[in-house]
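**Q** Following the hints, put chains D and B with the ligands in place on chain A, whose structure we already have.
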Amino acid sequence: MSHHKIILEEVIYTYPDGKEALNNISFEVHHGESVAIIGSNGAGKSTLLLTLVGILFPSSGKITIGDVPVTKQTLSLIRQKIGFTFQNADDQLFNGSVYDDVAFGPRNYKLSESDVEKKVSKALEIVGITHLRDRPPYKLSGGEKRSVSIAAVLSMDPDILLMDEPSAALDPKSRRRLINLLLDFKHTKLITTHDLDMVLDVCDRTIVLGNGKILADGSTVDILNDEKLLDECGLEKPLSLQSCPICNKR
Amino acid sequence: MHMADALISPVVGGIMWATSAGAASYSIKKIKLDLDEKKIPLMGVMGAFVFAAQMINFTIPGTGSSGHIGGGILLAILLGPYAGFLTMASVLAIQALFFADGGLLALGSNIFNLGFYTCFIAYPLIYKSIIKKGITKKRIFVGSLLASVIGLQLGSFSVVLQTFFSGITELPLLSFLLLMQPIHLAIGLIEGLITAAVVTFVWSARPEILEPINSKIRSKNMSYKKLIAVLLCSAVLIGSMLSWYASSNPDGLEWAIENITGNAELESSENLHTTLESFQEKISFLPDYSLKTKVEVESNTPVDVGTSVSGLIGGLLTLFLAISIGLVIKLFKNKRLKEN
Amino acid sequence: MANVSDSIYEIRYLDELSQKNSFIHKLHPLVKLIVSIFYIIITVSFGKYEILSLTPLTIYPIILFTLGDIKFFPILKRSFLVLPVVLGLGIFNPILDREPLLTFMNFAITGGWISYLSLIMKCFLTVLCALLLISTTGINNIAIALRSLLIPKIFVTQFLLTYRYISVLLEEIISIWTAYSLRAPEQKGISYKSWGPLLGQLLIRTYDRAQRIYNGMVLRGFSGEFYQDKIRFSLIDFCYLVIMIVFLLLTKLYNIPLILGNILTGV
Ligand SMILES: Nc1ncnc2c1ncn2[C@@H]1O[C@H](COP(=O)(O)OP(=O)(O)OP(=O)(O)O)[C@@H](O)[C@H]1O
Ligand SMILES: [Mg+2]
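Residue numbers (full-length UniProt numbering), protein chains in the order written: chain A, 1 to 250; chain D, 1 to 340; chain B, 1 to 267.
So here's chain A without its partners, still in its complex pose (with noise of 0.2 Å):
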């Protein structure tokens, strides 16, 4: 299948006040593929997921989601295909319950209140918060609204996932359940993170961004064994990678 590719030419995005945030970036992402897009923060990580859904157009250049290009006029095709969980979770969570947060999505696609309830039940079970239900959203701990905010894309069945920052104020083992979650998710997905364990674990590939440009995409392993690299883009090796001190000694 190839409606669950991600094309990206030349895009180049300049925000209102100058800021050039995007600078001629170009990759393509295949059906099924797992991409990491890391680097310094203000790299402009954000702005690229932000431009794939449309909410930002790029100044020039060409999006193309599946055989679709984003336009105005293809918005509602595109962002039915895409789940899009935000860096920060209350700007997503603005139902009085987290039962009608999960709704949300598959009650503006119209489905019936009975499907809607197999959706949702079916998203909180995967993300483990069933528990969660029927509390109000801005009475839970950070990690509690991200795992919310991640069971709210999941209840309207994407085809691509893209993410920003999703293990960010997670505890260990919600962090743990998020990469098991991702790793059952077998179709597309691009997720931007400063979690270079959770990278290696999830992500086949690993794109680099710095000052809006690319300036590395490869596998991910590679990438995050060339300390050099990693030093210039001001990341830093991930501790799994990092031979340990400790035993070095020895």
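FYI, nobody ran anything at the bench for these hints, they're computed from the structure. Among the hints, erroneous ones may be present.
[To be verified] Pairs of lysine-lysine, DSS-like flavour, derived with a Cα cap of 25 Å:
#, chain 1, residue 1, chain 2, residue 2
1, D, Lys30, B, Lys153
2, A, Lys81, A, Lys122
3, B, Lys230, D, Lys32
4, A, Lys5, A, Lys72
Note that the coordinates shown come from a computational prediction; the quantities given were computed from them, not determined experimentally.
**A** Just chains D and B with the ligands now, kept in the frame of chain A:
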């Protein structure tokens, strides 16, 4: 100042509810026309902003005292008058429900006093006409300061009138005004200064936040006049209907009008006690706060205590009964809990 | 800024109460809203000297407290918050209205004191009523009640969103205030120079947040329509409504305490 339920009579509360509801449904119609469903989250979040921002205390230089932001003007500037008014209504409703600040019956008055004057009078007539000549930092400052002060003066004037017509306080109208207006001038100045500081800051940091609304409104000047005309007409209509109804039994409204015009009809109180009228008086929702002379007190507002001894006993007994009902229910519930 | 964290706590407390599952909680929200408003209207409709007639009205909050499984003192404590305004305005009554209305064991009690007392009682009763409404109903159900009163969706949605983001904004304010006061100790409020930047920046952040929330909505298929729950009326709702209205009308029509007192003292 928020009106409280206890300070308002059902008639005044009802009139103000009707008026505010009228303004709100007109506003909803208006924003539906050019929505922009993008505005819904903006309204919601800005409402929360105002709610929260009202809790920050700002020190007033040289006085040691502090004040906080008002909200109505700021919302009108950020969202336009219609959305601003609706947002203010939400904020006040939440305050009434969760903090008992104001009250459910007085909510209509509070929306009117704090939302209507700011969004539909002070904002278009003052802020906007100052800004019209072209936006500068100085004009924004002066505009939001003046609009806040005048909005609050109107609001407090309206509080005085509402309390007065509800017949709650014994204070004569003039002394009440002399008490309230200067206090609210001071409060208004502080609110105005804070609002002005915030708006000018936003203008210099992110002018586009203020721009779209300001440019949009310019073309729609006419609708304000229409809205105000409609509201005035309906207020007069409702008011006259109610006072016609009210005039058949002596009430605060009439008393106030009599006091002002100076021709009290004392004789009407004598033939009040026909059975039918006393029944009407019983079911009327118009409290008779009006009566000051002894004669009238006896004929109209009986101190409902009867002979004081039986009154006291009856009152205590009622309270006792009320509390025992509570205790019995509780006992019953505890028993059931244990059995389960 | 103690009052900010207090209000977060306040809101959450009432919110938690509204999650209970008592008889009162299970009633249709519209019924509860109507009864509350009717109760308030009846309460304030009594004349300023009619203190005795107010006493039967205490039954209503007592029933709500017990049947609704609501703790008495925390709610009572909250109702004190509103009292100052009423106390302040009402104090003119005893000062200005010195007409003796009652003699009680040779004491003359003036009309002013009686009307002051009735004002305070009304204040308590109406405030309790509002607080009990929210703590047995909850914001989502209030929204349902508003919808069944045919209040437009735009307004109700907006009302819910405001409520939803109040906690977020209050938390932001707390952190701003903490950050400010850590670097500016010994200040009671925020000094003039920081007024604009401090609130202005929060406002801009809030504005951007609204944008992101909106994005979050459209990304999940939002097109201007919000889903809203409905709750069906039951026979119990209807009975509750009728009983309450009849009770309130009775208290308005008959001076129950006086009748009781007269029977007891044999007048
Ligand atoms: N709304 C905006 N207006 C102007 N400039 C912006 C805006 N949002 C982001 N930028 C700028 O664009 C650049 C890229 O920002 P972006 O949010 O994409 O970074 P990021 O890689 O996601 O960083 P982080 O790791 O901190 O999340 C930054 O330099 C930032 O300052
Ligand atoms: Mg980012």
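**Q** Indicate, hint by hint, whether the structure satisfies it.
**A** For each hint, the structure was consulted:
1. For the suggested pair D/Lys30 and B/Lys153, the alpha carbons sit about 14 Å apart, so the restraint of at most 25 Å is met.
2. This hinted pair checks out: A/Lys81 and A/Lys122 have alpha carbons roughly 18 Å apart, not beyond 25 Å.
3. Using a Cα cut-off of 25 Å, the hinted pair B/Lys230 and D/Lys32 holds, with the two alpha carbons roughly 24 Å apart.
4. Restraint check for A/Lys5 and A/Lys72: satisfied, since their Cα atoms lie roughly 19 Å apart, inside the 25 Å limit.
In summary, this structure violates none of the numbered hints.
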